[in-house]
Each structure stands twice: as C-alpha cells, then as structure tokens.
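There are 6 protein chains.
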Amino acid sequence: MTKLRIISPHFTDKSTEVAELKAYVDALGSDGLEISHTTIPTGPISIECELDMALAAPGTIEEAVCAAKEGIDAVVISCFGDPALAACREAAKILVLGPGQTSMHAAALLGHRFSVITVVESVRSVIENMAREYAVADKLASIRVINIPVVELASDMAAVNEALAKEAIAAVKEDRADVIVLGCTGFLGSAEVVVAKLKAQGIDVPVIDPIPVSIAMAQALCTLGLKHSSRLYACDPAKPTKGYDALAGKLDA
Amino acid sequence: MTKLRIISPHFTDKSTEVAELKAYVDALGSDGLEISHTTIPTGPISIECELDMALAAPGTIEEAVCAAKEGIDAVVISCFGDPALAACREAAKILVLGPGQTSMHAAALLGHRFSVITVVESVRSVIENMAREYAVADKLASIRVINIPVVELASDMAAVNEALAKEAIAAVKEDRADVIVLGCTGFLGSAEVVVAKLKAQGIDVPVIDPIPVSIAMAQALCTLGLKHSSRLYACDPAKPTKGYDALAGKLDA
Amino acid sequence: MTKLRIISPHFTDKSTEVAELKAYVDALGSDGLEISHTTIPTGPISIECELDMALAAPGTIEEAVCAAKEGIDAVVISCFGDPALAACREAAKILVLGPGQTSMHAAALLGHRFSVITVVESVRSVIENMAREYAVADKLASIRVINIPVVELASDMAAVNEALAKEAIAAVKEDRADVIVLGCTGFLGSAEVVVAKLKAQGIDVPVIDPIPVSIAMAQALCTLGLKHSSRLYACDPAKPTKGYDALAGKLDA
Amino acid sequence: MTKLRIISPHFTDKSTEVAELKAYVDALGSDGLEISHTTIPTGPISIECELDMALAAPGTIEEAVCAAKEGIDAVVISCFGDPALAACREAAKILVLGPGQTSMHAAALLGHRFSVITVVESVRSVIENMAREYAVADKLASIRVINIPVVELASDMAAVNEALAKEAIAAVKEDRADVIVLGCTGFLGSAEVVVAKLKAQGIDVPVIDPIPVSIAMAQALCTLGLKHSSRLYACDPAKPTKGYDALAGKLDA
Amino acid sequence: MTKLRIISPHFTDKSTEVAELKAYVDALGSDGLEISHTTIPTGPISIECELDMALAAPGTIEEAVCAAKEGIDAVVISCFGDPALAACREAAKILVLGPGQTSMHAAALLGHRFSVITVVESVRSVIENMAREYAVADKLASIRVINIPVVELASDMAAVNEALAKEAIAAVKEDRADVIVLGCTGFLGSAEVVVAKLKAQGIDVPVIDPIPVSIAMAQALCTLGLKHSSRLYACDPAKPTKGYDALAGKLDA
Amino acid sequence: MTKLRIISPHFTDKSTEVAELKAYVDALGSDGLEISHTTIPTGPISIECELDMALAAPGTIEEAVCAAKEGIDAVVISCFGDPALAACREAAKILVLGPGQTSMHAAALLGHRFSVITVVESVRSVIENMAREYAVADKLASIRVINIPVVELASDMAAVNEALAKEAIAAVKEDRADVIVLGCTGFLGSAEVVVAKLKAQGIDVPVIDPIPVSIAMAQALCTLGLKHSSRLYACDPAKPTKGYDALAGKLDA
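Quick mapping for you: the protein sequence lines, in order, are chains A, B, C, D, E and F. Following the numbering used here, the residues of the first sequence are numbered contiguously, the last one being 253. Following the numbering used here, the residues of the second sequence are numbered contiguously, the last one being 253. Following the numbering used here, the residues of the third sequence are numbered contiguously, the last one being 253. Following the numbering used here, the residues of the fourth sequence are numbered contiguously, the last one being 253. Following the numbering used here, the residues of the fifth sequence are numbered contiguously, the last one being 253. Following the numbering used here, the residues of the sixth sequence are numbered contiguously, the last one being 253.
Keep in mind that the hints were calculated from the coordinates and are not lab data. Careful, some of the hints might be misleading.
To be verified - Part of the chain A face toward chain B, derived, beta carbon under 10 angstroms:
1) Lys139
2) Val145
3) Ile148
4) Pro149
5) Asp178
To be verified - Pairs of lysine to aspartate or glutamate, EDC-like flavour, derived with a Cα cap of 16 angstroms:
6) B:Lys173 x D:Asp204
7) F:Lys239 x F:Glu174
8) E:Lys93 x D:Glu121
Glycine residues also receive a C-beta, built at the ideal position from the N, C-alpha and C atoms.
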C-alpha cells in the first residue's frame with residue numbers, strides 16, 4: 001500500500017480546482033494506493049508568477065514535512081510550476097514529485113517533441129527555465145497559453161477545454177509537437193476532452209494530464225523503492241531559523 | 001490488468017540472464033500485471049556494439065508486432081541500448097519502452113546528475129548518443145564500465161556486483177553523481193546489492209535497475225491510457241519489403 | 001585508383017533512382033575512381049521511417065562486408081538517413097560514408113546555416129536526431145519537405161525539381177539558410193536544376209547533392225589514407241549470431 | 001544620487017558578515033551613492049541549500065517591497081544564490097540585482113572561462129542550475145568548495161583566505177579558469193587577499209567579489225536609467241494571499 | 001578619476017556618428033570620468049561585414065596600444081561587432097570593452113530574453129557568432145534589421161528611430177523579447193526615443209544603448225580595480241612583425 | 001584542372017615551415033591539381049594569439065583577392081586558426097578553406113570524439129571558440145599542447161613528433177578521443193610519424209594533418225562546383241577604405 005499526499009500549494013477551501021482534485025483522488029479507488037490531500041496554511045490563492053511561487057514555498061515545505069512525519073510515502077505538489085520542489089526534498093525525507101518535472105519527462109518518453117499548453121503569459125518564462133534546468137529543453141517544441149487565469153478556470157471548463165484543444169491543434173500543426181502536456185494542474189480531467197477534440201480533427205497524439213501522471217509515477221517509484229538521494233537533497237536540521245515555528249524540530253534526518 | 005511482454009533482443013535459451021529475467025517476472029505476482037517473455041528468432045547472442053544492435057532489430061520488430069497482434073498492452077525491449085525502439089513503435093501500435101531511455105528519464109526525475117555503469121568500452125559511444133538524442137545529456141555525469149562482457153556476467157555475479165559497486169562509488173565521489181543507473185539489463189537484481197555496498201560506505205544514492213523501472217513505468221503509462229503518438233510513430237503497412245515474411249500483413253494500423 | 005562501392009539500401013531492380021545512380025556513376029569516368037553499385041538482398045523498397053531503416057540494415061551490412069572482402073576501398077550508403085552507418089563501419093574494415101552525415105558537414109563548411117529539403121514528414125525526426133548526433137544541430141536552419149514519397153520521385157522529376165526549388169527559396173528567405181542540402185539520394189541530379197531556379201530568383205547559395213559530395217569526400221579521404229578508427233568502430237568476429245549466415249566468417253578483423 | 005539597499009536574506013544581528021558588510025558600505029563614502037543595509041525578519045541564519053533559499057524568500061521580498069516604498073532606487077540581495085531574485089523584481093518596481101547573476105556576467109565579460117569558489121558541497125547544484133538558467137554555463141570552468149560553512153567564515157578569515165587561494169590556484173592550473181568568482185557574499189574583502197596570494201604564485205587573473213561588483217553594476221544601471229522590464233517581471237497586486245500581511249496593499253504597480 | 005578612451009574603428013572626420021559621439025561624451029560632464037575619443041588611421045568608413053571588421057582591426061589595436069601608453073585606464077571600441085576586442089586586450093595592458101559583448105551581458109542581467117535590432121542583413125551572422133562565443137545565445141530571442149546602412153543613419157535619424165521602434169515592437173510581440181538591444185553604436189541617443197515609442201504602445205521594456213552601457217560598465221570595472229586576466233590575454237612583445245611599425249616597441253608587458 | 005593557392009598568413013622566407021610546405025606541394029604531382037604558394041607582405045612571423053590573427057588578416061585578404069584575380073579556383077589559408085577566413089570569403093569570390101574548420105569537420109566525419117594537439121597554451125581559447133562557432137564543440141574531446149612555439153618547430157621535428165605522439169596517446173587513453181587532429185599547419189608531415197608511434201602502442205586512430213586534408217577537400221569541392229554562398233559572404237566593393245591600397249578596385253563582385 002502506497003500512501004500518497006497531494007499538496008495544493010495555495011490557500012483556498014472553495015476552489016473548484018481543489019474540489020475536483022478531491023473527487024478525482026477519491027475516485028482512484030484503492031488498488032494499492034491511499035491518497036490524501038491538503039492545501040497550505042499560508043500562500044497565494046493561485047500560482048501564476050515567481051512571486052506566487054516564492055510565497056507558496058514555506059507552506060508547501062511545512063505540509064511536506066508534516067506528511068513525512070505522518071508516515072506518508074510520497075508527496076505530489078499540485079502545481080505545474082513545481083514550487084519548492086527541491087526544498088521539500090531536502091526538508092522531508094520521502095519521495096517528492098512535481099507535476100511539471102514529471103510531465104515533461106513523461107512527454108520526453110512518449111515522443112520527439114512536446115508542447116506545453118498553460119494558462120497565462122506570465123508563466124512562460126517559469127516553464128522555460130524549468131525545461132532548461134530539467135534538461136529537456138531540446139524536446140520542448142513550444143509553450144502556448146489560453147489566456148485564462150487559474151481562478152477563472154473552473155467557472156467555464158467548456159471554454160477552457162475549447163481553448164486547450166485549439167492551442168493543442170496549433171501546437172501539432174504549427175510547432176510540430178508529437179505530445180501535448182497540459183501545463184496547469186487546474187486542467188485536471190481536460191486531457192480526455194482534448195484527446196477527443198484532437199481525434200475529431202484526425203490528430204492522434206498523447207495528452208498528458210500532470211496530476212494523474214505524477215500520481216502514477218509516484219506509485220511506480222515507491223513500488224520500486226526508489227527515492228531521491230539524501231546525498232543531494234539534504235539540510236542541516238539544527239540550523240537556526242526565525243519565523244517558521246511549524247518546522248522546528250521536524251527536520252531531523 | 002496490464003499485459004506486458006518483455007523481449008530479450010538476442011537469441012539464447014541457456015542464458016542465465018534470460019532465466020533470471022523469467023524468475024524475476026514470475027516473482028512479480030499479479031497485482032494488475034501479467035508479464036510474458038520472449039527472445040528473438042534471429043540476432044546476436046548479446047548486444048555490445050552498433051552491429052549487434054542492427055542485427056537484433058528485425059527479430060525485435062517481429063516480436064513486437066506479434067505481441068501487438070496477440071493483444072499485449074505494452075512491450076519492454078530488454079537491452080539498455082534500446083535496439084529498434086523507434087522502429088518497434090512504428091510497426092506495433094502499442095506502447096513500447098526501452099530501458100535505456102526509461103532509466104535515464106527516471107534518473108533525471110530523482111537527482112541533479114546521474115552516472116551510467118555499463119559492461120564494456122564499446123557501448124560508451126552508444127550511450128552517449130542515446131543521452132544526446134533523448135535530451136538528457138546535460139544530466140549525465142559520466143559513463144563507467146566494469147569491463148566484463150555480457151555473456152560472462154551470469155557466471156560470477158559476485159564479481160559483477162563488486163565491480164558495479166566500485167564504479168558506483170567512484171561515480172559519486174569523482175564524477176559527483178547523485179543517481180546511479182545500471183547500464184545493462186543483465187545486471188538485473190544487482191541494484192539492491194549495490195545500494196547495500198554504497199550504504200556500507202556511507203553513500204545514500206538511488207540505484208536504478210533498468211528492467212524493473214521500465215516495467216513499472218509501462219504499467220503506469222498503460223493505466224493512464226498513454227501511448228506514443230501514432231502521428232510521430234507511423235509506417236506504411238503496404239510498403240513492399242523483401243526478406244521479412246514474418247512481418248507481411250501484420251503492419252496494418 | 002580508389003575503388004568505391006555505392007550500396008542502395010533497398011531492394012529494387014526497376015527503380016529509376018537506381019538506374020539514374022548507375023548512369024551517374026558510369027558518367028564519372030575514371031580519373032582515379034572506379035565506382036560500382038549494388039542494391040541489397042533484403043529490405044524495404046524505399047526508406048522513409050525508422051522501421052525502413054531497421055529493415056534495411058542487415059542487407060546493407062552484408063553488402064558492406066562483401067565490398068571489403070572484394071578489396072573495395074570505400075563504401076557510400078545511398079540513403080540520406082545513413083542506415084546502418086556505424087554498424088557497417090564496425091563490420092567492414094574499410095571507409096564507410098553516409099550521405100546524410102557527409103552532406104551536413106560539407107554544408108557546415110560552406111556557410112553559417114543550412115536547410116535540408118527532403119521527401120516526406122516522417123523523415124523529419126530522423127534528420128533532427130542525425131543533426132544532433134553529428135553535432136551540427138546549431139547549423140541547421142530548418143528541415144522542409146516536398147511531400148512526394150521516394151517511389152514517386154522518378155515519375156515526374158520536373159515536379160520534384162519545382163517543389164525542391166520552391167522549398168529552397170522559402171528556406172533562404174524565411175529560415176535564412178545560406179546553404180541548401182538535398183535530403184534524399186533520390187534527388188540525384190536535381191542540384192543543378194535547383195541552383196538554376198534559385199539564380200533566376202536572384203539567389204546564389206550552394207546546393208548540395210548528397211551522393212556526389214559523398215563520392216568526392218570518400219575519394220579525398222582514401223587519397224589521404226584516412227579511415228575510421230578501428231578503436232571506436234570494432235566488433236567481435238567470433239560472437240555467435242543466428243539468422244545472418246551471409247556474415248558468418250567474414251567479420252575477421 | 002543613487003539610493004541602494006542591500007538586503008542580507010538571513011536573520012542575524014551579531015553575524016560578523018553583516019557587520020563587515022556595514023563597515024564596507026559605510027566606507028564607500030558618498031560619490032553619488034547612498035547605501036543602506038537590512039537583514040530580514042524571518043528566515044534561516046545562513047543560506048546553504050534550497051530549503052534555506054525558500055525560507056529566506058518571503059522576508060527578502062518584504063524588504064524589497066519596503067525599499068521600493070521608501071524610494072530606494074535599487075536593491076542588491078546579499079547572497080550568491082540570488083534567493084527570490086525574480087520574485088523581488090515582480091513585487092518591487094525597482095531594479096533588483098543578485099550577486100550570483102551579476103558576478104557571473106561580469107566574469108564572462110572579463111575572460112574565456114571562470115571558476116566559482118564557494119563554501120560547501122550543498123550549494124554546488126544550486127550554482128550549476130543558476131549558470132544554466134542565466135545562460136553562462138558554457139563559460140563555467142568549475143565550481144570548487146572550501147568546506148567551511150557560512151556561519152564559521154568570520155571566525156577565521158585567515159583560514160578562509162588561505163583556502164580560497166588554494167582552490168583559486170587549482171581552478172587556474174587544473175580547470176583552466178581565467179577569472180575567479182568568489183561564490184559567497186560572506187567572502188567580502190577576500191578578493192584583495194586572494195589576488196595577492198595568486199600574484200605571489202605568478203598568477204594574474206581577476207578575482208570578483210560579488211557584493212562590490214553588484215553595487216557598482218547597480219549604480220551603473222541606475223545612472224543609465226535601466227531597470228528590468230515590467231512586462232516580464234509583473235504580479236497581480238490584487239491577488240488574495242494568506243499569511244503575508246506585511247505585503248498587503250504594497251504591490252500596487 | 002577614470003580616464004576612458006573611445007575608439008571609433010573606422011576612418012572618418014565628417015561622420016555625424018562621430019560628431020554625435022563627441023557631443024555625447026562632452027555632455028557626460030566630469031563625475032569621476034574623463035572621456036576622450038579617436039578614430040583610426042586605417043580602415044573602412046563603416047563596419048557591416050567580416051571584411052570591414054578585419055580591415056579595422058590593425059588601426060584599432062594601434063589606438064588601443066597608444067591609449068595604454070598615454071595612461072588611459074580603459075578603452076571602449078565603438079562598434080557593436082567588437083572588432084579586434086581580444087587582440088586589443090592582448091596588445092594593451094588595460095581594460096578593453098566591446099559594446100556588443102557588454103550590451104548582451106547587460107541585457108541578460110535585465111531579462112529572460114533579448115532581441116538585437118541592427119542595421120543590415122550582413123551583420124546578422126556576425127552577431128549570431130558573437131552570441132555563441134559570449135555564451136549568451138540561449139538568451140537571444142531574435143536579431144532584427146532596419147535595412148539602413150551605417151553611413152546613411154545620421155542623415156535621417158527620425159526614420160531610423162521609426163524603424164527601430166517598429167522592429168522593437170515586433171521583437172516584443174512576435175519574438176517575445178523582454179529587453180531590446182540597439183545593435184549598432186550609430187544608434188547613439190535612439191534608446192530614449194524608442195522607449196517613448198514603445199511606451200506609447202503600452203510596452204515597457206528596457207532598451208540598451210551600447211555606448212552608454214559600455215562607458216558605465218568600464219567605469220564600474222575600473223572603480224572595482226577589475227581588468228582582464230593577463231594570463232588569458234597575452235602576447236609576445238618581441239615577436240617579429242612586418243608592416244606594423246606603429247606597434248613596434250609598444251607591446252612590452 | 002583545379003588551381004589551388006596556399007597562403008601562409010605570416011611573413012617569412014627562411015621559415016622551414018614554408019620550405020616544407022613548398023616541398024610537400026611540389027610532391028603532390030599533377031593529378032588534376034596545380035598548387036601554388038605564397039606568404040603575406042605584412043603580418044607576424046607566426047600565429048599564436050588573437051593579436052597575431054588580427055595582424056595577419058589584411059595581408060591574407062590581399063593575397064586571397066590577388067589569387068581570385070589571377071584565376072585561382074580555391075585558396076587554403078595555412079594556419080589552423082583560420083585567420084581572416086570569413087573576410088577572405090567576402091573579399092574574394094572563390095572558394096576559401098581554413099584548415100581548422102576543414103580538419104574539425106573531417107574529424108567529425110571519422111569518429112565520435114576528436115582531440116586537437118596544438119603548439120602552445122595561448123591558442124587553446126582560440127580553438128575552443130572556433131569549435132563553438134563551427135558547431136562541432138560537442139565532438140571535441142580535448143585540446144592538448146606540446147609547449148613548443150611555432151618558430152621552434154622546424155629545428156627539432158623529432159622532438160615535436162615525440163611530443164605529439166605523447167599527447168595523442170594521452171588524448172586517446174585519458175580523454176577518450178577516437179580521432180586526433182594536428183592543430184598547427186607547422187606539423188605538416190607529422191601525421192604519418194604519429195600514426196606509427198600510436199600503432200606501436202597498439203592504438204589505431206586516424207590522425208588528421210590539416211593542410212593535406214584541406215587541399216583534398218578544396219579539390220573535391222571544386223570538382224563538385226561547390227563554393228560558399230555569395231548571399232552570406234558578400235561585401236560592398238565601393239565602400240571607401242583607407243590604408244589598404246592593394247585592395248582598391250579589386251573587390252568588384
């Protein structure tokens with residue numbers, strides 16, 4: 001049995017994104033997987049720029065450390081920007097995956113070039129830097145945006161899906177993408193719809209939904225007994241820190 | 001239930017590598033996975049250079065096409081060099097994974113830099129080209145060899161494991177690898193031993209066994225309903241071909 | 001006197017491509033060059049995807065080994081995709097050139113950026129991988145296709161030349177190519193026509209015909225006494241192999 | 001008159017690093033430059049890993065926003081890891097420089113290859129990722145460490161300087177560095193000593209002290225009227241955020 | 001007091017470019033900076049290709065050596081192509097900056113991607129090679145040209161500014177540039193106008209004027225006591241040379 | 001009949017390098033090749049740094065233009081640093097090859113990785129920049145030096161050959177080079193000796209002598225009717241230039 005915790009790195013209790021994520025997680029049943037979900041105590045309502053990423057980080061780290069203390073096996077940070085990914089790996093001694101990194105490597109496994117379709121212009125440079133750091137930049141055909149902010153996604157998923165399909169078709173035809181990566185965890189469930197719309201146009205390419213692929217990869221890695229190196233991802237549990245009482249005494253290796 | 005076929009791209013029936021692989025596959029039990037195994041009718045006894053890769057390709061393609069016809073969900077080619085990987089994806093309309101590509105992307109998910117420990121000098125340039133084509137070259141810390149040919153591996157696994165551990169330690173200490181990738185499917189089962197030997201030296205880094213990670217990833221992708229794009233990986237089933245009767249009439253999309 | 005063998009890595013006896021190649025080779029006269037030509041016993045009728053490349057490989061290797069046994073000095077594989085290039089170098093102890101690799105390096109010698117104009121979409125990713133492996137990717141301005149399959153080329157060379165010129169002009173004007181590489185050996189003889197059509201538009205850029213440039217480079221390298229390193233390109237002549245009787249006993253170093 | 005604020009992104013009031021920085025800043029006199037200094041209210045005592053970077057970010061952003069509100073012209077974040085650099089640029093509408101980025105570009109201006117000498121192993125991957133994101137990786141000859149943690153630097157600067165010089169000499173002789181970058185702002189003042197020690201060995205290469213070069217570049221850019229694009233570095237001042245009251249109402253563009 | 005010499009690497013006395021440069025330099029006042037200006041005795045009237053660069057080099061080197069002999073602290077070569085930059089550093093033992101290199105690194109400090117707007121098509125490959133050698137190629141969004149030769153710039157600066165603004169807007173909108181670099185020192189003074197025109201379109205990105213940024217950076221580096229490594233940039237003062245009497249006896253280390 | 005001119009881009013009449021080059025050229029006989037040789041009127045006695053390259057350029061350009069006027073078909077610049085290569089191509093309307101560029105592309109044709117063995121430390125960065133500009137940097141295993149200046153080469157060729165062989169062996173064994181490139185045209189004739197010394201150590205790798213390979217490639221390209229694009233390599237023949245009377249009126253297209 002793999003115990004997985006999904007951390008939405010933003011504060012919210014009414015967000016349909018979170019509701020949808022919970023519904024999805026509940027529906028996954030129980031074939032060897034027990035998934036729980038949390039949001040974070042401090043941070044922005046959504047993540048669309050480097051400032052949002054920075055403000056979401058401490059809460060995300062706290063929740064990752066808590067998950068490790070509770071005996072959770074793996075954490076998935078539910079934001080394509082992978083906020084605090086390396087920091088969480090250092091602070092919590094369990095497997096931590098980011099959907100951006102996981103989706104891009106899965107895309108690289110499935111085709112020659114992939115395009116990321118995301119929400120707004122301001123995350124473009126974030127994703128370009130991620131692709132470069134993760135060393136998959138040579139596989140990145142393009143980044144395209146639908147120009148709908150994260151908090152507006154849930155209010156009209158039909159429009160979101162329409163826009164995603166439109167950009168996905170353009171990515172295939174104009175940018176020669178072989179694989180489409182949905183570049184926001186708020187697109188949960190859209191992959192199926194986009195695939196159908198692409199097939200209606202005679203286009204058959206895989207469409208990667210970042211949360212499901214991250215959950216599946218996390219389970220696979222846990223089953224294999226693989227997690228990140230404690231040699232690379234380490235921190236000094238005794239280092240004095242101010243203002244983060246929630247972490248105090250919880251970083252012991 | 002995911003039906004997986006492992007194809008060893010070399011001829012042999014007495015090879016302990018194959019026996020070990022079968023034992024491993026049998027031991028995997030049945031949690032949603034049904035694994036079968038085959039070797040190929042024509043090809044070399046082992047794969048250690050580009051010539052071996054080329055001669056192994058037609059038989060591997062034939063077996064992949066047969067697997068698809070039989071209703072298998074996914075194929076794993078059991079050689080780190082990923083012989084005929086793209087060709088199999090074109091010929092068979094099911095998911096096909098190569099352990100080289102899968103392991104290197106898994107390693108990139110788990111750390112900053114990885115080293116591949118493989119059998120002999122002659123596969124070094126093969127692996128370097130793979131890393132460049134798969135776009136993970138920036139993550140490759142080093143390639144190291146134990147100088148034991150594939151066909152001699154099984155006769156003294158203790159020596160093999162000793163050599164693997166020695167090179168893994170050097171990769172961590174001298175090449176600053178955070179992740180170790182075992183660069184031959186003949187090393188099946190050695191990861192556990194190498195991890196133990198590394199820990200005895202106070203070194204805690206993940207060690208990736210290419211076949212298990214490929215099986216796990218194949219199952220994960222099948223569960224997600226993801227396979228390669230038929231847009232990228234395609235062939236003309238009506239194209240006249242001489243000398244490959246086994247493929248005749250089996251490439252229809 | 002340099003003895004050169006051109007191997008067309010496809011089966012065919014009526015292909016006008018081969019007829020044209022023979023005529024071209026015959027016309028080369030005898031200034032220090034003796035050229036012979038062969039097709040392969042097994043393989044596809046044309047090469048337009050990775051599957052075709054894989055199925056063409058064994059026959060190509062057999063013919064390369066035969067050429068070496070006959071005392072031939074150098075082999076040119078007559079397909080822009082360079083099928084079995086490294087394997088032929090390992091198996092035969094003579095110089096082996098691929099027109100894709102040779103043309104791309106010649107193009108890099110002649111200008112700042114080059115475009116490859118080829119037959120169909122499905123070879124695009126093949127050529128991109130070649131450019132990356134050959135380390136000339138930074139010089140590659142674009143790949144353009146004329147959307148005419150190889151087997152249809154000979155039936156209307158006027159249309160082929162028209163299409164090549166159109167794409168070449170676009171490559172120069174839109175992609176800023178300084179050099180044009182014809183990306184299929186079936187375009188033999190078209191370079192001259194394309195140059196004329198470009199000049200009619202006031203565009204003066206070199207157009208590289210892959211077979212002639214490969215023949216000239218092979219002769220130059222033979223004259224210099226240069227061939228590939230037996231250190232890099234090596235194989236074990238005693239390795240047991242099944243299903244390739246034609247190679248048996250012919251791989252001795 | 002350029003008003004510059006140096007933000008030490010760690011909490012501390014007794015750190016000699018901060019004392020030294022203040023002394024340095026006071027000594028700069030007043031030729032067109034007015035420098036002030038602050039630490040941050042929340043964060044770690046020093047920055048040596050990704051976790052430290054993440055925990056230092058919110059306080060650093062708060063201080064950068066305060067500086068902008070006070071009419072400061074430019075901010076320099078006093079840590080070679082450039083924590084929260086992009087986030088500060090988004091949140092504060094003034095020039096923000098990081099010493100890591102600034103020093104590496106200055107080094108690229110002064111030579112063919114540069115080496116970074118830093119404190120401990122754990123910052124190595126941070127700096128490698130920075131070099132890749134900043135696009136100067138091709139100029140990076142090596143990263144070397146002196147194995148002295150940040151908080152111990154001030155207690156024995158003679159030992160620190162000795163170690164820096166030793167690694168700098170090795171970087172020049174073994175890694176062929178033409179420029180040395182001191183990779184920690186805690187090395188303030190060491191450049192002069194290292195230069196002298198290098199000259200005593202007959203080695204004449206520039207040694208870059210990250211804080212002074214960042215101050216000088218900030219003043220130069222302010223004089224030129226140059227700051228970061230508000231097109232790239234932007235945030236939504238109205239976005240709801242929890243737990244960061246200090247930022248409330250201060251992000252208006 | 002920093003003594004700076006600007007060398008215009010072309011012959012001319014009536015060029016408005018030089019007149020404008022002198023006016024600009026005079027206007028800089030005297031806050032710690034004493035700027036002088038010279039043209040070169042031999043060379044082309046303007047620099048727009050590699051031939052111009054080569055013919056401008058000897059005169060530029062002579063002037064740089066003279067400047068060093070006169071006690072000048074730093075030289076700026078007033079051409080975006082940085083002719084003879086490395087050679088001047090070897091021959092003169094003082095700081096020498098090229099506006100191309102300096103501007104591109106300044107642009108990299110200020111944003112994620114920059115575009116260079118230059119004069120004519122023929123300098124495009126020069127700038128691409130510079131970006132690759134300076135290691136900032138990953139940051140280069142595009143190179144755009146206004147198709148006005150250098151010698152015609154001064155006769156209609158309004159048209160030049162109009163064309164620069166048009167291309168800058170296209171660079172931002174189509175090529176996603178965050179920073180604009182004016183790619184010719186003949187554009188001196190245009191940055192301000194281009195910024196205004198961009199703002200009128202609602203676009204706020206920094207526009208870098210290469211000469212002012214080079215002067216400011218030279219002053220900053222001189223203040224810091226930083227100059228190029230004499231280890232990297234060295235020459236043998238005793239090497240016999242024919243035809244360059246102006247350099248004789250002036251290269252002593 | 002191909003008429004080839006070799007230009008030694010340094011002044012000298014007693015240099016044994018030039019004498020040897022003449023002897024070599026004379027010995028080439030006359031199978032379709034007529035080779036002449038010249039030195040340049042102004043320039044350094046040898047080329048070992050960027051300053052030497054810059055001072056050699058004008059004379060080299062003059063000689064290339066003269067060669068074109070005389071009806072020569074192709075020019076080879078006899079220096080591995082390829083001084084004035086692009087400028088000569090712009091000024092003279094005939095094929096111009098540099099031995100550095102030609103040798104590196106030939107090496108890339110013959111193996112996976114090559115090492116350059118050259119004269120002294122100061123040319124290292126020159127060659128690294130060339131490899132990056134020519135886009136073969138991914139193939140460059142290492143650059144090694146024998147620490148003998150160009151003018152001292154001829155006085156003890158036995159010592160030179162000994163040193164070359166020593167470094168070549170180290171390049172193969174330590175840097176894993178598959179191909180050796182002699183990185184100075186003053187090594188003419190040494191390739192044969194180095195090959196013999198390598199074989200005596202059981203090492204069989206090709207050794208490229210830059211002048212012979214450039215002559216052979218020039219002849220091959222001339223035979224094919226290929227030369228550089230006049231679109232890329234162009235200059236304005238009417239541009240006023242001071243101090244280069246030898247070029248006056250000779251640049252007409």
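The hints, checked one at a time:
{"no.": "1", "hint": "Lys139", "in the structure": "holds, 5 angstroms"}
{"no.": "2", "hint": "Val145", "in the structure": "violated, 22 angstroms"}
{"no.": "3", "hint": "Ile148", "in the structure": "violated, 25 angstroms"}
{"no.": "4", "hint": "Pro149", "in the structure": "violated, 28 angstroms"}
{"no.": "5", "hint": "Asp178", "in the structure": "holds, 4 angstroms"}
{"no.": "6", "hint": "B:Lys173 x D:Asp204", "in the structure": "violated, 31 angstroms"}
{"no.": "7", "hint": "F:Lys239 x F:Glu174", "in the structure": "violated, 51 angstroms"}
{"no.": "8", "hint": "E:Lys93 x D:Glu121", "in the structure": "violated, 37 angstroms"}
When held up to the earlier numbered hints, the structure conflicts with 2, 3, 4, 6, 7 and 8 and fits the remainder.
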